[in-house]
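Asker: Take the numbering used here: the final residue in the sequence shown is number 380, and no numbers are missing along the way.
Errors might be hidden in some of the hints.
Said to hold, decoys possible - Under the rule of at most 25 Å between Cα atoms (straight-line distance), these lysine-lysine pairs were calculated in the BS3-like manner:
(1) 247 <-> 124
(2) 139 <-> 56
(3) 158 <-> 74
(4) 247 <-> 262
(5) 74 <-> 35
(6) 283 <-> 371
(7) 262 <-> 283
(8) 85 <-> 130
Claimed, not checked - Using C-beta positions, here's what the derived DEER-type ranges look like:
(9) 70 <-> 278: 29 to 37 Å
(10) 263 <-> 211: 29 to 37 Å
(11) 157 <-> 119: 27 to 35 Å
(12) 294 <-> 117: 39 to 47 Å
No lab work stands behind these hints, which were simulated from the structure alone.
Ideal Cβ placement from N, Cα and C applies to all residues, glycine included.
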Amino acid sequence: MFVDSVELTISSGKGGAGAISFWTEKFVVKGGPDGGDGGRGGSVFFKVDNNTDTLSALRGRRVIKAENGRPGEGRKCYGRKGQDTIITVPPGTQVIDMETGEELLDLVTEGEVVKFLEGGKGGLGNMHFKSSSNQRPTYAQPGLPGITKQVRLEMKLIADVGLVGYPNVGKSTLISTLSNARPQVANYEFTTLTPKLGVVHIGDYDSFMMADIPGIIEGASDGRGLGLEFLKHIERTKTLLLMIDAANYREMKYQYETLLVELQRYSETLATRKHAIAITKIDSLSQDEVNELTKTFLSDIGLEANDTLNRYKADSNYISYGFKTDFGVALPQEKPLFVLPISSVAHLNTEALRYALGDFVKNVKEEEKEA
């Protein structure tokens with residue numbers, strides 16, 4: 010089951026109480042105080058594990074608590090430390106304080122172990138309070154309480170390219186064609202109910218991660234459909250591929266503008282992501298119809314057609330558009346980097362799209378390093 014958000018009450022362990030004890034032994038007349046210290050309470054850690062892909066292991070668990078420290082004992086025996094609790098989460102998990110809404114942790118690095126709550130300190134035994142004026146102390150410290158926090162864990166997928174489009178636009182078919190992902194594919198809307206990740210290989214030593222989320226419809230930012238619930242999974246992506254259905258009853262310009270509006274309403278940051286456009290399902294139309302639709306679409310959004318994607322062996326019989334052949338990303342933010350007609354089923358221009366996106370992602374990463 011795909012679980013990407015859970016609410017938990019997390020507590021560290023309480024420290025053990027110090028002991029009140031006196032050394033009593035045959036032939037020892039004045040043994041004195043010998044109460045040992047209590048053990049420290051267990052701490053709570055978060056561990057990032059790449060082998061975990063959802064928060065389903067935490068589903069149904071309302072409270073997670075570390076072990077309390079054991080109390081001290083006589084003969085200066087210290088109490089045992091409480092056992093630590095390690096919560097394993099997938100990369101991309103955020104820990105949010107439910108009371109304040111503050112983001113406490115952002116866990117993205119594989120193998121990272123972060124201490125979240127420190128265990129309570131153990132109390133001192135009465136052997137520490139012996140003095141010349143108080144040779145028989147009958148006082149020991151209680152252990153300090155642990156820390157309790159109510160938190161919400163939210164998982165946001167880590168990907169390089171996020172696929173955005175209407176339901177049944179071909180996102181799942183594309184990710185299954187380009188990557189090793191095998192999502193459910195069917196000819197009806199909302200086939201994809203949960204986000205999917207796929208690794209797209211460009212060469213033997215080069216690849217990027219692609220994320221497919223459920224389709225966005227008009228009014229998604231107001232809670233309609235499934236898209237809004239999962240838009241958080243492409244917040245971490247640096248690039249977006251907006252997919253426009255050439256065979257849909259909605260006009261292509263209308264689809265494009267609606268997607269931009271819903272992204273803008275959801276997140277100002279997400280709306281500024283650099284993006285490209287794939288016009289899908291061109292196998293259902295004739296070549297002339299596809300070219301005419303593409304020309305009209307490019308004209309409607311203020312672009313001009315050219316063949317700059319031919320360096321990726323795109324089918325030159327279909328119109329494509331790009332700003333630069335080297336994909337330098339210093340371009341008007343509101344315009345797409347390229348527009349490419351594709352068919353995932355017929356494998357038309359899918360290889361061109363693979364390498365174009367690979368260069369796109371690489372250049373965006375390099376631009377961020379230089380910034």
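Asker: For a quick check of understanding: which of the numbered hints are violated here, in increasing order?
Answerer: 1, 2, 5
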